[in-house]
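Go ahead and model the full structure; you've got the sequences and the hints to work with.
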Amino acid sequence: MPDAGFSSAWLAAPIAVPLLAAIGVALLSARLRAGVCALGAVGTAVASFVVLARVAAAGPLRHNLGGWGAPLGIDLFADGLSVLMLAMTAVLGCAISLYASGYFEHARERQSFWPIWFLLWTGLNALFLTADLFNFYVTLELIGISAVALVAMEGGPVALSAAVRYLFMAMLGSLAYMGGVALVYAQTGALDLALLEGRLGEGPLGQAALALLIVGLLAKTALFPLHLWLPPAHSSAPAPVSAALSALVVKASFYILLRTSFGAFSDNALAAVGPILGILGGLAVLWGSLQALTQDRLKLMIAYSTVAQVGYLFLLFPVAMPGAGDAAWQSKAWIAGIFHALSHAAAKGAMFMAAGAILHAVGRDDKNSLRGLGERMPVSVSALAVAGISIMALPPSGGFIAKWMLLVAAVRTGQWWWAPLMIGGGLLAAGYVFRMVKFAFYATPAHAPPLHAVPRRLEYTALVLALIALGLGLASVFPIAVAAIGAPFPENWFTEAL
Amino acid sequence: MPIFDSMLPLLVLMTSLVTAAVIFALGEERAKARTFFNLLGALAKLALVGFMLWGVFHERVFETRWRFMPQLDFVLRADSMTILFSTLSAGLWLLTTIYAIGYLEGSPNRRRFFGYFSLCVTATMGVSLAGNLITFFVFYELLTLTTYPLVVHRGTDKAIKAGSMYLRYTLGGSAAMLAGMLWLYVLVGPFDFAETGALSALDPRLHWQLIAIFVLLIGGLGVKAALIPLHRWLPEAMVAPAPVSALLHAVAVVKAGAFGIVRVVYDVYGIEFSRDLGVLPGLAAIAALTILYGSIRALTQDDFKRRLAFSTVSQVSYITLGVSLFGPIASIGGLVHLVHQGIMKITMFFAAGNVAEALGAHKVSELDGVGRRMPGTMAAFSVAALGMIGVPPLAGFISKWYLGWGAAAAGQYWALGVLAASSLLNAAYFLPILYRAWFKPQRKPWPHEHLRRGRFEISPWLLLPPVATAVLVVLAGLLAGHPFSPLGWVRIIAGREYLAP
Numbered sequence: 001m002p003d004a005g006f007s008s009a010w011l012a013a014p015i016a017v018p019l020l021a022a023i024g025v026a027l028l029s030a031r032l033r034a035g036v037c038a039l040g041a042v043g044t045a046v047a048s049f050v051v052l053a054r055v056a057a058a059g060p061l062r063h064n065l066g067g068w069g070a071p072l073g074i075d076l077f078a079d080g081l082s083v084l085m086l087a088m089t090a091v092l093g094c095a096i097s098l099y100a101s102g103y104f105e106h107a108r109e110r111q112s113f114w115p116i117w118f119l120l121w122t123g124l125n126a127l128f129l130t131a132d133l134f135n136f137y138v139t140l141e142l143i144g145i146s147a148v149a150l151v152a153m154e155g156g157p158v159a160l161s162a163a164v165r166y167l168f169m170a171m172l173g174s175l176a177y178m179g180g181v182a183l184v185y186a187q188t189g190a191l192d193l194a195l196l197e198g199r200l201g202e203g204p205l206g207q208a209a210l211a212l213l214i215v216g217l218l219a220k221t222a223l224f225p226l227h228l229w230l231p232p233a234h235s236s237a238p239a240p241v242s243a244a245l246s247a248l249v250v251k252a253s254f255y256i257l258l259r260t261s262f263g264a265f266s267d268n269a270l271a272a273v274g275p276i277l278g279i280l281g282g283l284a285v286l287w288g289s290l291q292a293l294t295q296d297r298l299k300l301m302i303a304y305s306t307v308a309q310v311g312y313l314f315l316l317f318p319v320a321m322p323g324a325g326d327a328a329w330q331s332k333a334w335i336a337g338i339f340h341a342l343s344h345a346a347a348k349g350a351m352f353m354a355a356g357a358i359l360h361a362v363g364r365d366d367k368n369s370l371r372g373l374g375e376r377m378p379v380s381v382s383a384l385a386v387a388g389i390s391i392m393a394l395p396p397s398g399g400f401i402a403k404w405m406l407l408v409a410a411v412r413t414g415q416w417w418w419a420p421l422m423i424g425g426g427l428l429a430a431g432y433v434f435r436m437v438k439f440a441f442y443a444t445p446a447h448a449p450p451l452h453a454v455p456r457r458l459e460y461t462a463l464v465l466a467l468i469a470l471g472l473g474l475a476s477v478f479p480i481a482v483a484a485i486g487a488p489f490p491e492n493w494f495t496e497a498l
Numbered sequence: 001m002p003i004f005d006s007m008l009p010l011l012v013l014m015t016s017l018v019t020a021a022v023i024f025a026l027g028e029e030r031a032k033a034r035t036f037f038n039l040l041g042a043l044a045k046l047a048l049v050g051f052m053l054w055g056v057f058h059e060r061v062f063e064t065r066w067r068f069m070p071q072l073d074f075v076l077r078a079d080s081m082t083i084l085f086s087t088l089s090a091g092l093w094l095l096t097t098i099y100a101i102g103y104l105e106g107s108p109n110r111r112r113f114f115g116y117f118s119l120c121v122t123a124t125m126g127v128s129l130a131g132n133l134i135t136f137f138v139f140y141e142l143l144t145l146t147t148y149p150l151v152v153h154r155g156t157d158k159a160i161k162a163g164s165m166y167l168r169y170t171l172g173g174s175a176a177m178l179a180g181m182l183w184l185y186v187l188v189g190p191f192d193f194a195e196t197g198a199l200s201a202l203d204p205r206l207h208w209q210l211i212a213i214f215v216l217l218i219g220g221l222g223v224k225a226a227l228i229p230l231h232r233w234l235p236e237a238m239v240a241p242a243p244v245s246a247l248l249h250a251v252a253v254v255k256a257g258a259f260g261i262v263r264v265v266y267d268v269y270g271i272e273f274s275r276d277l278g279v280l281p282g283l284a285a286i287a288a289l290t291i292l293y294g295s296i297r298a299l300t301q302d303d304f305k306r307r308l309a310f311s312t313v314s315q316v317s318y319i320t321l322g323v324s325l326f327g328p329i330a331s332i333g334g335l336v337h338l339v340h341q342g343i344m345k346i347t348m349f350f351a352a353g354n355v356a357e358a359l360g361a362h363k364v365s366e367l368d369g370v371g372r373r374m375p376g377t378m379a380a381f382s383v384a385a386l387g388m389i390g391v392p393p394l395a396g397f398i399s400k401w402y403l404g405w406g407a408a409a410a411g412q413y414w415a416l417g418v419l420a421a422s423s424l425l426n427a428a429y430f431l432p433i434l435y436r437a438w439f440k441p442q443r444k445p446w447p448h449e450h451l452r453r454g455r456f457e458i459s460p461w462l463l464l465p466p467v468a469t470a471v472l473v474v475l476a477g478l479l480a481g482h483p484f485s486p487l488g489w490v491r492i493i494a495g496r497e498y499l500a501p
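Those protein sequences? They're chains S and C, same order as listed. Residue 38 in the working numbering is what sits at position 38 of the first sequence, and the numbering runs on without skipping anything. Residue 359 in the working numbering is what sits at position 359 of the second sequence, and the numbering runs on without skipping anything.
These are calculated hints, taken from the structure and not from any lab test. Check the hints yourself; a few may be wrong.
Not everything, but these chain C residues come out facing chain S in the computed CB check (under 7 angstroms) [unchecked claim]:
1) 73
2) 109
3) 138
4) 155
5) 165
6) 167
7) 171
8) 289
9) 404
10) 405
Here are a few chain C residues that sit away from chain S, every Cβ distance over 10 angstroms (derived from the structure) [unchecked claim]:
11) 13
12) 51
13) 58
14) 61
15) 101
16) 198
17) 206
18) 285
19) 364
20) 365
21) 368
22) 414
23) 496
Please read these numbers as outputs of a predicted model, since none were measured by experiment. Using N, Cα and C, we set each Cβ at its ideal position, and we do this for glycine too.
Quick look at the structure:
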């Protein structure tokens with residue numbers, strides 16, 4: 001593991017740049033804001049991709065901030081999984097920034113959005129570059145608080161009650177997680193994942209710690225049955241915020257669980273937890289999809305779709321856990337889950353953005369308001385439909401690749417019963433997407449009220465993200481190769497596969 | 001492989017994909033530019049496919065391949081089966097584009113229509129060029145998604161309902177197909193389509209699984225191929241504009257299903273291995289039932305397009321029947337019908353569209369005397385209808401001749417009965433149309449006549465395509481002995497697919 005100061009110091013850049021942007025945008029005058037925001041977004045993305053390039057070239061990196069090593073100091077750590085998450089956040093972050101620059105009309109909204117948004121980005125990048133249970137907690141709190149603030153931004157009664165619910169759940173989640181971390185420290189005296197390797201979950205105390213950790217993280221990821229806060233929060237927030245929450249924020253707590261379970265959990269603990277997570281994930285797929293099928297508002301439908309899609313992420317645990325089959329197929333399931341996170345981010349971001357543009361233009365987003373929009377807002381409707389392809393996991397799309405790999409891994413490890421669930425879930429997704437999109441294909445009603453003008457960048461940003469979700473279905477080999485760098489599996493099929 | 005040869009299949013797709021992108025980028029009002037790019041794309045594709053045909057005839061290999069996920073390649077390859085289907089689609093795309101330009105003149109949403117039209121052809125070309133099952137599946141699904149906006153193009157309640165039904169059937173079918181593909185992949189790993197099949201080496205104890213997979217795959221493909229009881233979406237989808245119906249029935253959707261069945265039987269399982277597995281009789285029985293059922297339903301349809309739709313249900317199953325009666329001669333009959341049914345049925349839909357467009361007549365009972373009013377259109381229709389019935393020397397006769405011969409050669413005499421019954425039924429539902437058109441005087445005024453001043457009965461954009469395809473129907477029959485006729489090409493395929501021809 002190379003630890004040459006200069007190259008690994010790059011790891012701090014994806015955290016420092018958005019933090020500086022947040023401070024800058026809060027302090028500087030409104031005239032300079034656009035410039036600072038653009039610079040901050042592009043700068044963060046560049047920093048993230050530099051880290052990706054370094055890890056792709058040189059393997060996992062570790063950097064001690066201030067020169068203190070673990071267990072005392074703060075270590076930054078990046079392997080393939082972290083840089084993929086960084087890159088995902090960079091792409092979505094730029095898209096959201098571009099979108100937001102056209103979305104907010106009032107100065108007050110702009111004033112509160114930008115600093116908090118950059119703080120959220122800072123938190124996300126910091127979380128993805130951490131490999132230490134306590135620092136996970138800190139970054140998770142930063143993310144949680146800024147996300148709640150963004151949801152509450154609009155200030156109406158709906159937004160506030162959703163924000164309070166979200167805050168409540170986030171706090172409970174943090175509390176449980178923190179309790180778990182305290183127990184881990186009491187038992188092992190270590191918090192760094194590398195030091196904890198394979199030691200989490202031994203003995204009654206360890207099991208209690210694990211239970212707390214997991215419940216806290218599940219609450220934040222909104223896995224069924226702890227998902228109730230998600231639909232109101234994600235659907236009532238302003239569109240760029242909804243996109244950030246569904247595409248990125250739920251992935252943060254999932255990332256922690258993925259990191260800790262493969263690596264820090266003991267094999268027995270993981271084998272015990274894996275099936276439970278899988279069953280909850282399966283229930284989430286069914287429940288979220290069925291709920292999405294009954295929604296009459298576009299944004300609520302998309303939010304319930306997130307509940308379902310989060311469920312797919314957790315199907316990787318029973319397939320990839322130790323003892324599930326030979327390592328080649330375990331690692332394939334693990335990769336499939338990561339790839340699903342990536343393509344879901346692009347697709348779901350696109351959907352919320354398109355829905356935001358529609359809401360902006362029509363003034364409402366119930367399904368009847370979509371009538372005739374295929375003619376009047378073709379770009380947004382296309383974005384919605386194209387992103388829908390990835391959500392339904394039809395080829396060619398990133399969603400399809402993820403699902404196919406997970407399906408193959410599940411059947412190969414003898415757990416064929418996940419296959420009907422996943423295939424059926426795809427059909428349900430097709431049902432809820434087309435149930436909305438079909439309204440756009442109606443002829444425009446005779447007395448349709450005129451549309452409010454929508455800045456073009458709103459519509460095109462959504463379309464570009466949707467096309468990225470589609471493109472991941474044709475170019476999956478590079479991201480998969482990156483994910484394999486430092487993957488927690490002894491023998492990899494990646495090398496022979498690529 | 002020279003770089004051009006490895007890029008050619010991709011280029012064939014690009015001609016229509018780029019056309020679609022350009023059309024979407026052009027504004028709704030730029031009708032002239034749109035027409036130009038549409039025709040440019042169609043001609044370029046036809047030229048490339050023609051070159052490919054020549055190359056494959058000389059055993060040149062055209063293959064585009066890249067890794068699109070670990071252990072699985074995305075393969076576009078031109079083999080003799082590809083050429084059969086892609087020549088048909090490229091040729092008929094050009095004619096349908098011409099027709100659609102005339103048909104939709106002045107109507108709203110033409111940008112969307114032509115954009116998806118081009119995407120749909122891209123998907124069809126992909127179906128024909130796919131070199132393995134997963135690539136096939138990618139384009140097969142893409143075809144579903146790109147035809148949906150065409151089916152619901154009118155934007156009425158009825159159209160949206162039909163579209164939803166279409167999606168329920170096709171996406172349900174794709175779920176079955178995905179399950180079958182997954183099972184097959186887990187069982188034998190990745191493999192490409194191969195002449196004479198790819199599975200015969202498998203351990204005989206696993207053969208029951210292969211049979212189950214066959215059922216899943218055919219179940220998925222049977223939806224688009226409109227095998228009973230999976231055919232119900234097809235008559236409903238008739239709400240689409242005439243050029244879309246023409247495309248759906250002759251080139252794209254129904255054919256993709258039939259072509260998929262052909263691929264599965266010949267190039268996944270292998271025709272001889274399919275027989276050894278014992279899956280062919282079941283398929284033949286379903287095909288035979290579909291042939292009879294579609295014809296019987298067509299008898300009672302007064303709606304012109306619905307009658308044609310049930311006729312499609314029946315006729316497309318000739319392909320499946322020919323495939324499932326084991327033997328090279330029956331295979332020739334089935335495969336050649338892929339082309340023959342295409343050119344005959346598209347002629348009929350063009351004609352039905354013309355009658356509806358010029359006279360507002362949508363029902364068979366409104367066609368009295370239409371032959372005198374629109375002689376060119378109805379002459380084309382009559383040629384195609386006679387071909388469907390199987391009158392020599394037209395294209396349909398060649399198909400039926402080989403099917404019947406093949407059935408007899410394979411000892412499956414019951415199939416002769418099916419063919420005879422079907423031909424009688426074909427006559428029973430097509431001849432009344434011809435009789436009304438040519439021999440009955442016009443009794444009532446036309447329901448909704450568009451008067452036009454011009455030299456022809458209707459705009460040349462609408463008249464030329466059916467006349468051209470009717471000429472093809474005649475030529476495909478008359479010149480069947482030529483090596484580049486559909487029949488000649490299919491004989492080449494049959495030679496390559498059977499181990500001992």
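Just to be careful: measuring from the Cβ of residue 165 of chain C to every Cβ in chain S, is the smallest value less than 7 angstroms?
violated, 11 angstroms
Would the hint on residue 404 of chain C stand, with a C-beta cut-off of 7 angstroms toward chain S?
violated, 40 angstroms
Once the closest CB in chain S is found, is it more than 10 angstroms from residue 13 of chain C?
Since the minimum Cβ distance to chain S is about 12 angstroms, residue 13 of chain C lies beyond 10 angstroms and the statement holds.
Taking the shortest Cβ-to-Cβ distance between residue 198 of chain C and chain S, state whether it exceeds 10 angstroms.
Residue 198 of chain C clear of chain S: closest Cβ-Cβ about 18 angstroms, beyond 10 angstroms.
Report holds if the minimum CB distance from residue 206 of chain C to chain S is greater than 10 angstroms, and violated otherwise.
About 14 angstroms separates residue 206 of chain C from the closest Cβ of chain S, which puts it past 10 angstroms; holds.
Against chain S, run the beta carbon of residue 73 of chain C and see if the smallest gap drops under 7 angstroms.
For residue 73 of chain C, the interface hint is violated, since the closest Cβ of chain S sits about 11 angstroms away, which is over 7 angstroms.
Given a cut of 7 angstroms on the nearest C-beta pair, is the interface hint for residue 289 of chain C held or broken against chain S?
violated, 27 angstroms
Measuring from the C-beta of residue 171 of chain C to each C-beta in chain S, is the shortest one below 7 angstroms?
Hint on residue 171 of chain C: holds, closest Cβ of chain S at ~5 angstroms, below 7 angstroms.
Minimum Cβ-Cβ distance from residue 414 of chain C to chain S exceeds 10 angstroms:
Holds: least Cβ distance 37 angstroms, greater than 10 angstroms.
For residue 365 of chain C, is the shortest CB-to-CB distance to chain S above 10 angstroms, so the non-interface label stands?
holds, 29 angstroms
Whether residue 496 of chain C stays farther than 10 angstroms from all C-beta atoms of chain S, as the label says
Answer for residue 496 of chain C: holds, closest chain S Cβ roughly 29 angstroms.
Residue 405 of chain C was flagged as interface toward chain S. Is the shortest Cβ-Cβ separation under 7 angstroms?
violated, 40 angstroms
Going down the numbered hints, you'll see the structure goes against 1, 5, 8, 9, 10, while the others check out.
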